[in-house]
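Take the given structure of chain A and dock chain B to it, following the hints.
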Amino acid sequence: MKAFLGTSLAITNRELTRLRSRFSDRSRPLVLGALVLVLLVSYVSYRQQGIRGRAIYNVGVSSDGPTLNDPRFRARTMSPSEGHAALAEGRIDVYIDSANVIPRDTEKAQYAVGALRLYLETTELARIAEDYPASEGFPFRVGVTSFPIPEDLATERDKEVVVPSLMQPPMPFEGVLKASLHLFPIFLVGMFFTSGLMEERRERRISVLLASPISSLQIILGKVLPYLLFALVVVMAMATVLGGNPLLAAIIFVPVICFVLSVTLMVPLIYRSFMDTTFISMFVTVATTLYLVFPAMLLGFSDLAYISPLSLAVEMYQDNAFSLRAYLTAALPMLLMFSIFIYIGSRILNEEYLSRHRPIYRKLAEAVYMAMDLRRPYLSTFLVSLGLIPMVYLIQLVALTFALNFPLRLALGGVLAASVVVEEVAKSGGIAMLIEERRVNKVLPVVLLAFLSALGFLIGEKLLLMVSIQSVSESLLSAVLLNAGKLWITLAAHWVFTAILALLLLWWGPRRYRYALAVAGAVHLMYNLVVLGVVSL
Amino acid sequence: MSAAFRALLEREVRALIRERTILIAFAIQLFVASFSSTLLVGLISIYDPDSTQLTSQMRPRVGVVGEVDAAAAMAAVLAENDAQPRQFPSSAAVQVAFDAGELDAAILLPDTLNGADEVSEAELVLPASDTRATLLRMALRKPLKEYEERLRKENGIELRYANLQGLSSSTYEFQYGALIPLLLFFPGFVTGGIVIDTISEEMVNHTLETLWAGPLSLNTILGAKMTAALAVSLAQGLCWVALMGLNGIVVHRVPLVLAVSTLSATAIAIVSALITLLFHDRERGQFIYALFILLAASLSFMSDLSPVTLLTRLATGDPGVGLSAVLGYAALVGAMGWGLGKVSRRLVAAG
Chain A
1 MKAFLGTSLA
11 ITNRELTRLR
21 SRFSDRSRPL
31 VLGALVLVLL
41 VSYVSYRQQG
51 IRGRAIYNVG
61 VSSDGPTLND
71 PRFRARTMSP
81 SEGHAALAEG
91 RIDVYIDSAN
101 VIPRDTEKAQ
111 YAVGALRLYL
121 ETTELARIAE
131 DYPASEGFPF
141 RVGVTSFPIP
151 EDLATERDKE
161 VVVPSLMQPP
171 MPFEGVLKAS
181 LHLFPIFLVG
191 MFFTSGLMEE
201 RRERRISVLL
211 ASPISSLQII
221 LGKVLPYLLF
231 ALVVVMAMAT
241 VLGGNPLLAA
251 IIFVPVICFV
261 LSVTLMVPLI
271 YRSFMDTTFI
281 SMFVTVATTL
291 YLVFPAMLLG
301 FSDLAYISPL
311 SLAVEMYQDN
321 AFSLRAYLTA
331 ALPMLLMFSI
341 FIYIGSRILN
351 EEYLSRHRPI
361 YRKLAEAVYM
371 AMDLRRPYLS
381 TFLVSLGLIP
391 MVYLIQLVAL
401 TFALNFPLRL
411 ALGGVLAASV
421 VVEEVAKSGG
431 IAMLIEERRV
441 NKVLPVVLLA
451 FLSALGFLIG
461 EKLLLMVSIQ
471 SVSESLLSAV
481 LLNAGKLWIT
491 LAAHWVFTAI
501 LALLLLWWGP
511 RRYRYALAVA
521 GAVHLMYNLV
531 VLGVVSL
Chain B
1 MSAAFRALLE
11 REVRALIRER
21 TILIAFAIQL
31 FVASFSSTLL
41 VGLISIYDPD
51 STQLTSQMRP
61 RVGVVGEVDA
71 AAAMAAVLAE
81 NDAQPRQFPS
91 SAAVQVAFDA
101 GELDAAILLP
111 DTLNGADEVS
121 EAELVLPASD
131 TRATLLRMAL
141 RKPLKEYEER
151 LRKENGIELR
161 YANLQGLSSS
171 TYEFQYGALI
181 PLLLFFPGFV
191 TGGIVIDTIS
201 EEMVNHTLET
211 LWAGPLSLNT
221 ILGAKMTAAL
231 AVSLAQGLCW
241 VALMGLNGIV
251 VHRVPLVLAV
261 STLSATAIAI
271 VSALITLLFH
281 DRERGQFIYA
291 LFILLAASLS
301 FMSDLSPVTL
311 LTRLATGDPG
321 VGLSAVLGYA
331 ALVGAMGWGL
341 GKVSRRLVAA
351 G
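Heads up: the protein sequence lines correspond to chains A and B, in order.
This note's numbering applies: residue 1 is where the first sequence begins, and numbers increase by one.
This note's numbering applies: residue 1 is where the second sequence begins, and numbers increase by one.
Certain hints may be false.
[Unchecked claim] A short, non-exhaustive set of chain A residues, derived as facing chain B with CB atoms under 8 Å:
{"#": "1", "residue": "Leu5"}
{"#": "2", "residue": "Gly6"}
{"#": "3", "residue": "Ala34"}
{"#": "4", "residue": "Val41"}
{"#": "5", "residue": "Ser42"}
{"#": "6", "residue": "Ile128"}
{"#": "7", "residue": "Leu181"}
{"#": "8", "residue": "Phe184"}
{"#": "9", "residue": "Glu199"}
{"#": "10", "residue": "Arg202"}
{"#": "11", "residue": "Leu532"}
{"#": "12", "residue": "Val534"}
[Said to hold, decoys possible] Below 30 Å or equal to it, Euclidean Cα-Cα: the simulated BS3-like pairs (lysine-lysine) are:
{"#": "13", "chain 1": "A", "residue 1": "Lys159", "chain 2": "B", "residue 2": "Lys153"}
{"#": "14", "chain 1": "A", "residue 1": "Lys442", "chain 2": "A", "residue 2": "Lys363"}
{"#": "15", "chain 1": "A", "residue 1": "Lys159", "chain 2": "B", "residue 2": "Lys145"}
Worth flagging that the hints you see were computed from the coordinates, not collected in a lab.
Even for Gly, the Cβ is constructed at its ideal location relative to N, Cα and C.
This is chain A alone, in the form it adopts within the complex:
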C-alpha cells in the first residue's frame, strides 16, 4: 500500500512539474492575470445581477418623475411635450409624467408597466421606511406559525414575524447563482486535466509510463490528485470570500470535483480528434451544469432539489442545516460514478485501446468489455450491471427533474421511454460484448447471464433507494423508474427483458443490437405502463 501510494505521489509530482513547465514562459503572467480578472469580473457581474437583461425598455421621465436605477430601463429625462412626441413616434415604451405613467399601445409597453410597477413599489416602500415611523408606514405584521395552533400565540417563541409588503418569496436564484460560481474553477480544472492527458497521449509520453512497471490505476490516481487538490483549495477560498464555511464547502463539493475529474478522464481516453474532445467536453460541462443547477432551483418547493450538491451549498450560504441523508442523496451517485470511471479508466488505459480508431459508441462498448474479468464472465456481468446503476440513476433523475415541467401524461410517456432504453442498454451492454467476442454462444449461459445482470441491477437500485431521501424514492415517477415494487416481480421482469434482448442478439447477431433493444424496450415499456395502471391487462 505504501509503495502504491508512493508511486502515485511520484506521478503527481511529475504532473506538477509538467504543468509548471507548460506555463513557465510568457504565458504564465497572462494566464494568472486572466484568471484573477475572470474571478473578479464574475464576482462583480454576480453582484450587479444584470442577468435579467439590460436596456429592454425605453422610458421617458419628466424632470419631477422618479429616478430609475435599474439596468432593464433605458431612462431619459424629457419634458411632457417631448415625452408625448416620443411615445407617438414609438421611441419610448412608457412616459412617466410626474406621478402618471403613460404607456404606448403595445404589448411590450404593458410588460414595461408591469416591470415598473414592481420596481416603483420597492422604491416607494424604501421612501416610506425613511419618511415615516415604522408603526405608521408598516402597520400590519404577520406572525407565521404552523398547525397545530399553539395555545398561546402571543408568547410563541419560534414564530417568525414578517411585514407582508417586505416579505420576499424564497427565491433561491441568488443562492444558486452564488453556489454556481464554484463550478467555474471546477470545470476549468477539469478542462486542464483533459487537455493535459490528451497532450500526453498525442505526444506518446503516456506510452512511456505504460511501459514502466507502474500500474494504470497508479498513473490515473497520481494524475487526478493535483487537480483534485487544486480545485478543492480554490473552492474553499471562494467559500471564504463569499461568506460560506470553507470546510463544509469542501465536503459538499468533493463529490462534484471527483465526478467532473472522472468524466473528464474518460474524454481523452476515448477521443479520436481534437474536435471530438471539444464537443464531448462541452456536452459534459453543459449536462453536468444543468444536472447541478436546475434541481437546486427547486429548493424550498421540492426535496428533489437534494439530488444536487449545489442545493446543499445554497443551504450552507443561508446558514441552514441539512441531514446526512440529504448529503448522501446528492453525493453518493457522484462518488460512485467517480469510482466506476476510475476503475474503467484504469482498465482501458493501455496501448491497444488507445491506438484503436472506432466510433464513440464502439469505444464505450469496448470500455465496458475491458472492464470485465473474462475469466469470470458471470460475476463480471453481475458487477457491470451493479456498477452502472449510479449512471442510470443520474440519467433517470435528470429525466425526472426535466419531466416535472410537463403535464404528467406527457412526462410519463417521455421519461418511461427514455428510462427503458437507458436501463436495457446498461443491463445488456456487457452480455452483448460477450456474445460479440464469442465468449458465450449458447442459450442457457445467455439466460443465466441475463439473470445475473438483472440481479445486479436490482441490488444496485435497492441500495440507492435506501440512501435516497423520501421524496426521491417515493415520487410517483421514481416508483416506476427505480422499480420500487415487489422484489421478486421486479427481478423476474428485469430478467425477462434482458433475456429477450440477449437471446435476440444471439440469434440475430450483435449488429442488430438496435432492433433487439427496440423489442425488449417495447416489452419493458408495456410492463411499466401496466404497473402504473395506464394500461390494464
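Frame of chain A; chain B shown alone:
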C-alpha cells in the same frame, strides 16, 4: 474569392460535416434551450411576486378568525385574490376544520384593530410541511399585502404608482434578456472551439507549414478555417430564430439580429485564432479561450454597449438602435481581423 481560398473553404466545410460529433454541439444547444425555457419560465412564474397565477391555481382554503369587521375585510381581500376564505368564531374551530382536511391555512386577526399609530399583528398558520407552507405563503402574500395597504391608507400614507397594472414581465425579460442572447451567442462559443481545434491540429501535426508552402498565404488559410466555422454558426443562428418563431417567441429585425450574432462569432473566432497562434498548442489555447469566454460573458451583462445588449434591443424591436450600431460593431470586428492579419505571420514564426 480566390480559387485557392474557395478550395480550402470547401475542404474545411467537408471536414466539419464529416465530423459527426458536431451534432453534439447542436444537441447541447437543444438541451440547454429545452431545459432553460421550460424550467426557468415555469419557475419564474412561481417566484414572480407579481404573479397571481399561483393563487389562482391553488385557490387556497383559508380560515379567518377575528373581530367581525376586520375578519370580513380580510375575507373580502382574500376572495378578490382567488383564495377561498371562510370565517370561524374561534381558533379551536379552525383547528378542527384543518384536522378534518377542510382548510389549507388560517389567518387569526387581533381582537381590536389598530388605531392611528398602532401596529396590528395577525397570525398566519400554515401546514407543517415545508413545501406546502412555502407555496401557501407565496400564494397569500398578495392578499396580505393588500390588507396592509388598506391599513396604511387609514394612517394617511399612500404608496405612489400603486394603481399601475401592466403585464407580468418576468417571462418577457427572461426570453429577450437571457434566452435569445444565450441561444444566439452559443454558436459563437462553438465557433471559437472549432477554430482552436482546427488550427492547433494543423500546428501540432506540422501540416500548417505544408499548406503554407503552397500557393496559399497564412491569412488565407486562417480565413478559410474561420469562415467554415462561421458558416456553421450562421446555420445554427438561423435554426434558432426559426425554432423560436415556431414556439411563438417573436424576434424582431431578424437580419440585424443574425448579423450581430455572426459578428460576435467572428470576433470570437478572431480571438481564438490569435490565442492559438500565440500559444501553439491546444492545452493552453483552450484554457485561455475558456477564460476569455467567461470574461466576455461577464462583461457583456455589465455594459449597455455590449453586443448582448445590442442584440436584446434589436430583438425587442427597439427603434433606438439599427443598422448604424451594427455597422459600428462590424467596423470594430473588421479592425480585429485586420490586426490578426498583421500579426499572424510573426506569431507563427515565433513558435
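Tested hints:
1. Violation of the interface hint for Leu5/A is found here, the shortest Cβ-Cβ separation to chain B being roughly 28 Å, above the 8 Å cut-off.
2. Interface hint status for Gly6/A: violated, as the beta-carbon distance to the closest one in chain B is roughly 28 Å, over 8 Å.
3. Here the hint on Ala34/A is kept, as its CB sits about 4 Å from the closest CB of chain B, short of 8 Å.
4. A least Cβ separation of about 4 Å between Val41/A and chain B falls short of the 8 Å threshold, and the interface hint therefore holds.
5. With a cut of 8 Å, the hint placing Ser42/A at the interface with chain B holds, because the nearest CB-to-CB distance is about 5 Å.
6. A least Cβ separation of about 6 Å between Ile128/A and chain B falls short of the 8 Å threshold, and the interface hint therefore holds.
7. Violation of the interface hint for Leu181/A is found here, the shortest Cβ-Cβ separation to chain B being roughly 11 Å, above the 8 Å cut-off.
8. At a threshold of 8 Å, the smallest CB-CB gap from Phe184/A to chain B is about 7 Å, leaving the interface hint in force.
9. For the restraint placing Glu199/A at the interface with chain B, the shortest Cβ-Cβ distance is roughly 5 Å, inside the 8 Å limit, so the hint holds.
10. Taking 8 Å as the C-beta contact cut-off toward chain B, the hint placing Arg202/A at the interface holds, the least distance being around 7 Å.
11. At a threshold of 8 Å, the smallest CB-CB gap from Leu532/A to chain B is about 23 Å, leaving the interface hint violated.
12. Annotation: Val534/A was flagged as interfacial toward chain B, and the flag is violated, the nearest CB pair being 23 Å apart, outside 8 Å.
13. Simply put, Lys159/A and Lys153/B have alpha-carbon atoms about 27 Å apart, close enough for the 30 Å limit, and the pair holds.
14. Our distance criterion of 30 Å between C-alpha atoms is met by Lys442/A and Lys363/A, whose separation comes to about 26 Å.
15. At most 30 Å may separate the alpha-carbon atoms for a hinted pair to count; Lys159/A and Lys145/B meet this at roughly 19 Å.
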